[in-house]
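Participant: Below, each chain spelled out in residue letters.
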Amino acid sequence: MLAEILSRYKTGFSLVFTVAFSLSCLIWKSNLLSRTANSASQALDFFSSTFSTFGKGMSRFVDSYGTYEAVRAERDALREKVKSNLDLQVELVRLREENSKLRQALQLPPVSNHPVLQAEVISQDPDNWFRTIIINKGSAEGVATYMPVVALQTVTLPAEAGKPAETKLVVGVVGKVIQVNPHSARILPLTDQFSRIGVTLKKTGHWALLNGQSPHQDAPLLDYLSLGVFISPGDEIVTSGGDGIFPRGLPVGTVGKRIERLGSFQKAEVQPTIDFKKLDFVIVIQKKVETEALNFLPLKPDTVEEPKLSPAPPAPKTEKDAADEAKPKAKADAAATAPKPATAPPDADSAEEAP
Amino acid sequence: MILEKVVIGIAIFVSYFLQTSVDFFALGSIKPDFLLILTVYFALYRGALSALWIGFFGGLLQDINLGGYTNLVKQEMQYYIGTSALAKTIVGFAAGKVARDINKEATSLIVIVVFFACLIKGIIMFFTVAIFHNSAHAASLITIVLPEALFTAILSIVWFRLLRWAFPTVEKTEGPRIIRRIG
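Protein chains in written order, with this note's numbering: chain A, 119 to 473; chain B, 14 to 196.
Hints are supplied without guarantee of correctness; some may be wrong.
[Unchecked claim] Which stretches of chain A does chain B cover? Using the computed rule of at least three CB atoms under 8 Å from a CB of chain B, they are:
id, stretch
1, 126 to 132
2, 137 to 150
3, 200 to 206
4, 383 to 389
[Unchecked claim] Below are the DSSO-like pairs computed for lysine-lysine, each with C-alpha atoms no more than 30 Å apart in a straight line:
id, chain 1, residue 1, chain 2, residue 2
5, A, Lys128, A, Lys147
6, A, Lys406, A, Lys321
7, A, Lys255, A, Lys321
8, A, Lys201, A, Lys219
9, A, Lys128, B, Lys117
10, A, Lys281, A, Lys395
11, A, Lys128, B, Lys18
12, A, Lys128, B, Lys110
13, A, Lys201, A, Lys286
Don't read these hints as lab results, they were simulated from the structure.
Think of the CB as a built atom: it goes at the ideal place given N, C-alpha and C, for glycine as much as any other residue.
Kindly produce the complete structure, drawing on both the sequences and the hints.
Facilitator: Written out as C-alpha cells, the structure reads:
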C-alpha cells in the first residue's frame with residue numbers, strides 16, 4: 119500500500135524530501151546531516167587534487183609556449199634575486215644580532231621565526247558566490263586553523279621611459295586557514311567578504327582594517343583609517359600583527375584609485391599584491407594563533423561571568439577608630455559568655471547561613 | 014538501468030570537477046554552471062524526477078566543496094550544505110515540469126531555457142545566501158547572476174551536443190514517450 123503510494127507520487131515525495139533536507143541543513147547549519155555530508159569533503163578533496171593535476175597539465179600543454187617564456191623570466195628573476203640575496207644575507211645576520219641585543223637591552227620579547235610549509239592549490243569554489251581555496255596539505259602535515267598563508271609570485275613591471283620591463287618576485291598575503299582535514303585545508307582569502315585582517319599603512323604606521331568585499335568585487339576595502347591620515351594610490355599596506363593571526367609586516371597590497379571619506383574615517387580600495395587568478399602554490403606559515411587575542415572574541419552569553427566585586431580596601435585606622443571598635447567587641451564578648459535563652463533554636467546560626 | 018545511473022553519476026562528478034578544479038572555462042571571474050546544464054538536459058529529456066535528483070546531488074557536491082566557517086560566537090563549525098542543493102533541486106523540478114515538451118532540436122529554445130533556469134537558480138541562491146548566511150549584496154544580481162546565466166546559456170549550445178553524445182539512450186526514450194502521449 120505504502121509502496122504503491124510512494125511509487126504513484128514519487129516526484130512529489132522526492133521534491134519534499136530534497137527541499138526538506140536542504141532547508142533543515144540551512145536552518146541548523148551544524149546539524150548531524152550537515153556534519154555527515156561534510157565528512158565526504160576529504161574524499162572529494164582527494165579526487166579534486168587528481169583532477170586539478172590533470173587540468174593543470176592540459177592548461178600547461180595549451181599554454182606551453184607562454185609557460186616556457188614565464189619559466190625563463192622567472193629563472194632570470196631568481197638569478198638576480200640570488201645575487202642580491204648574498205649581500206643581503208650578510209647584512210641580515212649583522213642586523214639580527216644587533217636587533218636581539220637591542221631587544222635584550224629594552225627587555226622586549228624575542229622575535230620568533232615560524233616554520234613554513236609549501237602547498238598546492240587543488241580546488242577553488244565551484245560557483246561565483248563564495249571564494250575559499252583548498253590546498254593539498256592538512257593536519258597530518260602540521261596545518262592548523264588560523265595559520266596565515268602567503269604566496270610567492272613573479273610580477274612583470276611594464277617598461278617605463280629609459281627603463282626596460284622588469285620581472286621581480288613578490289611575497290603577499292593570501293589569507294588564513296579556516297578548516298583543516300587530515301590531508302587538505304581550506305583557506306579564506308583576503309578578498310572574501312568574511313575576511314578581516316588588521317593592517318598598517320607602511321609609510322605612516324597607522325592601523326586600519328582590511329575587509330573583503332562582496333563576491334563581485336575583487337579588491338578588498340581598507341576601512342577605519344583615520345581621516346587625518348593622508349593616503350594616495352600606490353601606498354603600501356602591510357599586516358599590523360594586531361589580529362594575533364598574521365605576523366607583523368607581511369605585504370598585503372597597495373592603495374587603489376578609489377578613496378572615500380565617510381564620517382570620521384576614510385575607506386580605500388586595495389590592490390592585492392597577489393594575483394588570485396594565478397595562484398598555484400601557497401606557503402603556510404606555521405604560526406599558532408595567539409589565543410589571548412582571540413579570547414576577546416567569544417561573546418556567548420553563558421560564558422560571560424558576572425563581575426565579582428572585591429571588597430574595598432580598608433582605610434588606614436586611626437587610634438580613635440581602634441578605640442571605638444574595641445567597645446562593641448567587648449560588649450559582644452560579654453553577650454556570648456552569658457547563658458542563651460531556652461526558646462532559641464540550638465543551631466540558629468547555621469540555619470541563617472543556609473540558602 | 015544501473016549502468017545508466019553510474020554514467021549519470023560520473024557525469025555529475027565530471028561537471029563538478031570541471032567547475033572546481035579547472036579554470037579553463039572561466040571568463041574573468043565568472044564560471045559557467047556545468048551542473049546546471051546537466052540538470053536542465055535531464056529535465057528536458059527525462060522530466061522533473063530525474064532532474065530534481067541530479068540537481069540535488071550536484072548541488073550537494075558543490076555545498077560540500079564550500080565547506081564551512083567557524084562561528085566565533087557559538088564556537089562551532091557552520092556549513093553551507095543546502096545552499097546550492099535547494100536552488101538546483103527547484104530549478105530541475107521546474108524545468109522538467111515547464112519545458113519538458115519544447116522542441117529539443119531548436120538550439121535557440123535550449124539556450125533560452127538554460128538562461129532562465131540559471132537566472133532563477135541565481136535568484137534563489139541570492140535569497141538563500143541573504144536569509145541564511147547574511148552575506149548577499151543586491152548588486153550580485155547584476156554582477157554575478159546575469160553574467161553567469163548568459164555565459165552558461167551560450168556554453169550550453171556546445172555542452173548539449175556533448176551530452177547527447179554521452180547519453181544516447183536518454184534521447185532514444187524520448188520518441189516512445191511522445192508517441193505514448195499522443196496516443
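Participant: Next, verify each hint and record whether it holds.
Facilitator: Each hint, compared with the structure:
With a threshold of 8 Å between beta carbons, the proposed coverage of the stretch 126 to 132 of chain A by chain B holds, since 3 of its residues qualify and at least three are required. Restraint check on the stretch 137 to 150 of chain A versus chain B: 10 residues with Cβ-Cβ distances below 8 Å, three needed, restraint holds. Counting residues of the stretch 200 to 206 of chain A whose CB lies closer than 8 Å to any CB of chain B gives 0, so the stated coverage by that chain is violated, three being the minimum. Here the stretch 383 to 389 of chain A counts 0 residues with a CB under 8 Å from a CB of chain B, which misses the bar of 3, and the coverage is violated.
Pair hint A:Lys128 plus A:Lys147 holds up; C-alpha atoms about 28 Å apart against a cutoff of 30 Å. Only pairs whose Cα atoms come within 30 Å are accepted, and A:Lys406 paired with A:Lys321 is accepted, the gap being roughly 28 Å. With a CA separation close to 36 Å, the supplied pair A:Lys255 and A:Lys321 exceeds the 30 Å bound. With a CA separation close to 28 Å, the supplied pair A:Lys201 and A:Lys219 stays within the 30 Å bound.
Annotation: proposed proximity of A:Lys128 to B:Lys117 holds, straight-line Cα distance about 26 Å (limit 30 Å). Using a Cα cut-off of 30 Å, the hinted pair A:Lys281 and A:Lys395 holds, with the two alpha carbons roughly 28 Å apart. Taken as a hint, the A:Lys128 and B:Lys18 pair is honoured in the structure, with Cα atoms around 17 Å apart against an allowance of 30 Å. For the hint linking A:Lys128 to B:Lys110, the alpha-carbon distance of about 14 Å falls within 30 Å, and the restraint holds.
The straight-line distance between the Cα atoms of A:Lys201 and A:Lys286 is roughly 13 Å, inside the 30 Å bound, and the hint therefore holds.
Taken one by one, the earlier hints fail for this structure at numbers 3, 4, 7, listed in ascending order.
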